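Trainee: Using the sequences plus the hints, can you model the full thing?
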Amino acid sequence: MKKVIALILAALFCVSCFALTACNGDKDGDVIKIGVFEPASGSNGAGGKQETLGIQYANSVCPTIELNGKTYKVELEIVDNQSDDSKGVTAAADLVNKGVSVVLGSYGSSVSIAASPTFEDAGLAAIGVTCTNEQVTAGNSHYFRVCFLDPFQGKALANLAWDMGVKKAFTLAETGNAYDLGLAQSFKTAFEALGGTVVANNFPSGTADFSSYVATAKSEGAGVLFAPTSLTYAQLIVQTAAAQGVEFPLMAGDTWDSNVILEAAKGTSLNINVTTFYQEGANKEFDEGFKAWINGSEINKTNNGGNDIISAVSAMGYDAYFVALEAIKKAGSADRAAIKAALPGVEYTGVTGLIKFNATGDADRTVAYVKKVNTTTGLWDFVKEQGVN
Amino acid sequence: MDYLLPGISAGGQYALIAIGYTLVYGILRLINFAHGDVFMVAGLMMVYATTYMPLYVSIPLVLILTAVLGFGIERAAYKPLRSSPRMSVMISAIGVSYLLQNLALYITGGLAKVYPTIKFLSETITIFGSTTRRVTVITPILVLVLVVALVLVIRYTKIGMAMRAVSKDFTTSQLMGIRINTVISATFVIGSFLAAVGSVLYFSNYPSVVPTSGAMPGLRAFVAAVVGGIGSIPGAVVGAFIVGICESLIKGIPEISIFSDAFTFLLLIVILCVKPTGIFGEKNIDKV
Amino acid sequence: MKKNNTSKSRLSLYCNLGALLLAFILVLVIDATHNPTDMLVKVLQKVCVYAVVAVSMNLLNGFTGLFSLGQAGFMLLGAYTCAIFIIPDEVRGQVYGYIEGGSIVHVRLPLIVAILLGGLVAALFAFLIGLPVLKLKSDYLAIATLGFAEIVRTIVTWEKLGPVTNGSFPLSKLNTFRKALEGTPFEKFSLVTPYFLIAGICIAVIVLIIRSTYGRAFKAIRDDEIAAEAMGINLAHHKRLSFVTSSFFAGIGGALFAIFQASVSAAPFTSAMTYEILLIVVIGGIGSITGSVLGSFLFIASSEWWLRGLDSGKFLGISSPVFRNGFRLVVFSVIIMIFVLFFRKGIMGTKEFDVVKIGGFFKKLFTETVPGWLKKIKHKEAADQ
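Chains as they are written, first to last, in this note's numbering: chain A, 43 to 431; chain B, 2 to 289; chain C, 1368 to 1752.
Honestly, the hints are just simulated from the structure, not real lab data.
Since this is a predicted model, take the numbers as computed values, not measurements.
Among the hints, erroneous ones may be present.
[Unchecked claim] Heads up, incomplete: computed chain C residues facing chain A, CB under 8 angstroms, no partners named:
no., residue
1, 1400
2, 1401
3, 1406
4, 1464
5, 1524
6, 1527
7, 1592
8, 1629
9, 1634
10, 1669
11, 1693
12, 1712
We put the beta carbon where it would ideally sit given N, CA and C, even for glycine.
Mentor: Right, dumping it as structure tokens:
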């Protein structure tokens, strides 16, 4: 019965999407390739997979595109950049050689930065989905991004902490990880500007034992533990905080918006807040369609972490795919240069809000969604939209 | 106390891994680089085993399977190289480590696996005013019991005597009629078994298994074995506690906390340069 | 006896030089005809980088018998030193954006100078760490150098060093050979050629060292330390020399690696990277320079290029659910284990690639074996269609 309902919903959603974006037409005809440059292994494997799922789902919803009266099939070329800078360079070259017209990705800023020159040389435009580091788009004309940036997110989180009445924050980041450190730094700058104090702490890669760090946060009398780490560490930090009976809230950025955190925090007494790109429930159609699609395949479900909770990165991936389609439509061809030229003018309202690029190539975002873990149901509770005034 | 407790607990877990290093090194003069990965595989097997069977079946099963794995690795990757130079055996060990990590990557699909909760071990308790999991307290006790048992085995049983003889002089003991392959296999079985026990304790405390989970604990345990004097079991235990506690204390100081791993290696280099035989090690005389 | 050999060895020297020249011309042709993002170009660039590092490791492990696992650490030193000095002035502020006060380095060096400097810094550190560490016996040395590499990796990301190393943030937007040669007559040959030339020179220097009296001393130490000492070889001096030289070239390799990526961060320089290089050396043959070069080529080309299909579900036209993420690495590690266990000497053993010696072998290959293969392939293609 469930399956039938799911199928009907999926079908309905497909129909609505067809109507919305007008991508009907028969399936044969020429092919346009979109490159998906995401990690499927390494420290960012989990997040990369969920982002890829969003893109794949978008592709399943809208697998064709109509250009000048002709219908093209849109194919995804997915490569694994292994969350590794040097492997990322050849993975990017692989995409270029497969003849993709535009690239989406990557989860993790440093891989995007490393692969950027390769895309530039090939005259390819790339759309960063959730890489929030400033350097990805700064100083070039080919990298775009649909999400907000670290300084924005850091400021939003600092405001959130300040609004909670916190005066002293403890930050925890992985050394050698540009995302962690960048966000921690932005948070620190913003929080200190508000009048708070920050104790910054870093841990070496590969750490499993966070008990000393949590203990320090406790003994320092911190009002909040801000840990913008990758998921592998996040899970351990949550468990350690739970074991030590931490009472102050935990906060993190978009990486923590994952069912991995929900699972780790379920049944504890922790207060975990994250800022993120998308709040489940904001777009019913997308939510239901995506869930049905995830539940329809065992592989998808495994890649999503074993359940059908929607991660914000999936929603972002979904939107990024449609931004790419818009650009292709605007360019009127699969030509790389034409798409690159068309992208700055693209305006698209996706499930995560309006996407419109500014001069650097970043989407202007004005709010971040704040979510909180409901430790009894193991789901996200929406808290508020956080601006940065 | 907040820093000492996790340090002691981590030290206990490193001790269980370190014994594996120390035993193998004592007999084969081989740094078994794959030992840390055996530890990780034990963690992964537990994750998969508990999805099919209850805990009281899966724990002993994993312990046995890990011992079998250690035995298998020795037979497949080290035994054929027994007469070749030490460097080739060490390279083979690195190769096995690479293989195990990549296999784990393939099977898990690169996602971190959540270690099953063993209720009894992960319950929260309060001791000396600091809150922690029960496993933190159990670890050092269990380690002591296991180590005493191991020392007794080595001192009083036939196979233990053989092990001591082989580590004293490989060729002579062979001449004396000791079945060297059996002794070596026994070493690997014991080492892997203890690593599996260590993995149950370790992952109960830090419940996330990734393919590289074994690398750092493995290296730290090796450092512990060297600090204590490689080849000596009490040495490995003492060394492990030193490494674990130091690491935990350093992590508590924000200014230098990122150097917790670097400190471990610094300790290694200093010990190697000042007293290469470690705290409890016997003096080795080079023979021409 | 020696006289007899001279003419023969001279012939083989000329032939080998000819082969090298041929390879160089091939590289020039590739550069002139390929796009900068072609897989072949990227792979060849990376091969050159790894070849330098693998040969440098071979000098230490294969020719001197010192089992060191610090290569990634020295590469990192070289990469960072080089990178710091080749960030274009106009983007320097932006790259160091997260660091208060920005970069304290305001010097920009030409690429070649920066690369050399990278090597020198690595060599300097090798000298310092070598003082205590080189006294250690084989496996202790391995673990101590491994530890050293980890320490270096942590120190580089230390926030107090931020104004120099940019802390944990990547040094990006680096100058590349292509940008440096833009507008010069060599513009067309800026893809693989510079890497090939630098790698070639480095390896040539290493070969010359190995053939010198120093090299013979190294080999003597490898074969029997005590005997070598009895023969009057200063052990400490020669070990240090080998260690410092090897690290110098590892540093240069690291610098090339930075230029290849056009960005550097400390994260990739883990012990896993050292293991990869070690496995390249093993595949090529411990004690064979050409083996290491060949090993680098096979390793990089297959792991980054040829076997990629194993990950994406389709390989050699066969699709199977087994071919999913990570399968490539599994196949790879199995191949390596096969080498380690059954072909212990690697592809080349301790022999060197010699055109004359294998000329006969190739003759046979091209007259008998290859046509046979081609026939088979043609049959298969016909069958597929």
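Trainee: Closer than 8 angstroms between Cβ atoms is the bar; does residue 1527 of chain C clear it against chain A? Give me holds or violated.
Mentor: violated (11 angstroms)
Trainee: Should the hint that residue 1401 of chain C touches chain A count as held when the rule is a Cβ pair under 8 angstroms?
Mentor: Not OK, violated: residue 1401 of chain C not within 8 angstroms of chain A, min 11 angstroms.
Trainee: Restraint: residue 1524 of chain C near chain A, CB-CB cut 8 angstroms. Satisfied or not?
Mentor: Holds, about 4 angstroms.
Trainee: Is the interface hint for residue 1669 of chain C satisfied, with its Cβ closer than 8 angstroms to some Cβ of chain A?
Mentor: violated (12 angstroms)
Trainee: Hey, does the residue 1592 of chain C contact hint survive, CB to chain A under 8 angstroms?
Mentor: It is violated, given that the least Cβ distance between residue 1592 of chain C and chain A is near 35 angstroms, above 8 angstroms.
Trainee: At a threshold of 8 angstroms, is the proposed contact between residue 1629 of chain C and chain A supported by beta-carbon distances?
Mentor: holds (5 angstroms)
Trainee: Taking the closest Cβ pair, is residue 1464 of chain C under 8 angstroms from chain A?
Mentor: holds (6 angstroms)
Trainee: Given residue 1406 of chain C as an interface hint, is its Cβ closer than 8 angstroms to any Cβ of chain A?
Mentor: At about 5 angstroms, which falls below the 8 angstroms cut-off, the nearest Cβ of chain A leaves the hint on residue 1406 of chain C intact, so it holds.
Trainee: With chain A as the partner, please determine if residue 1693 of chain C meets the hint condition of a C-beta pair closer than 8 angstroms.
Mentor: Status holds, d = 6 angstroms.
Trainee: Can the hint on residue 1634 of chain C be confirmed by a CB-to-CB distance to chain A that is less than 8 angstroms?
Mentor: holds (5 angstroms)
Trainee: If you take the shortest Cβ to Cβ gap from residue 1712 of chain C to chain A, is it below 8 angstroms?
Mentor: Check failed: Cβ of residue 1712 of chain C comes no nearer than 29 angstroms to chain A, outside 8 angstroms.
Trainee: Hold the hint about residue 1400 of chain C up to the distance rule: shortest CB distance to chain A must be less than 8 angstroms.
Mentor: Hint on residue 1400 of chain C: violated, closest Cβ of chain A at ~15 angstroms, above 8 angstroms.
Hints 1, 2, 6, 7, 10, 12 from the list above are not met by this structure, while the remaining hints are.
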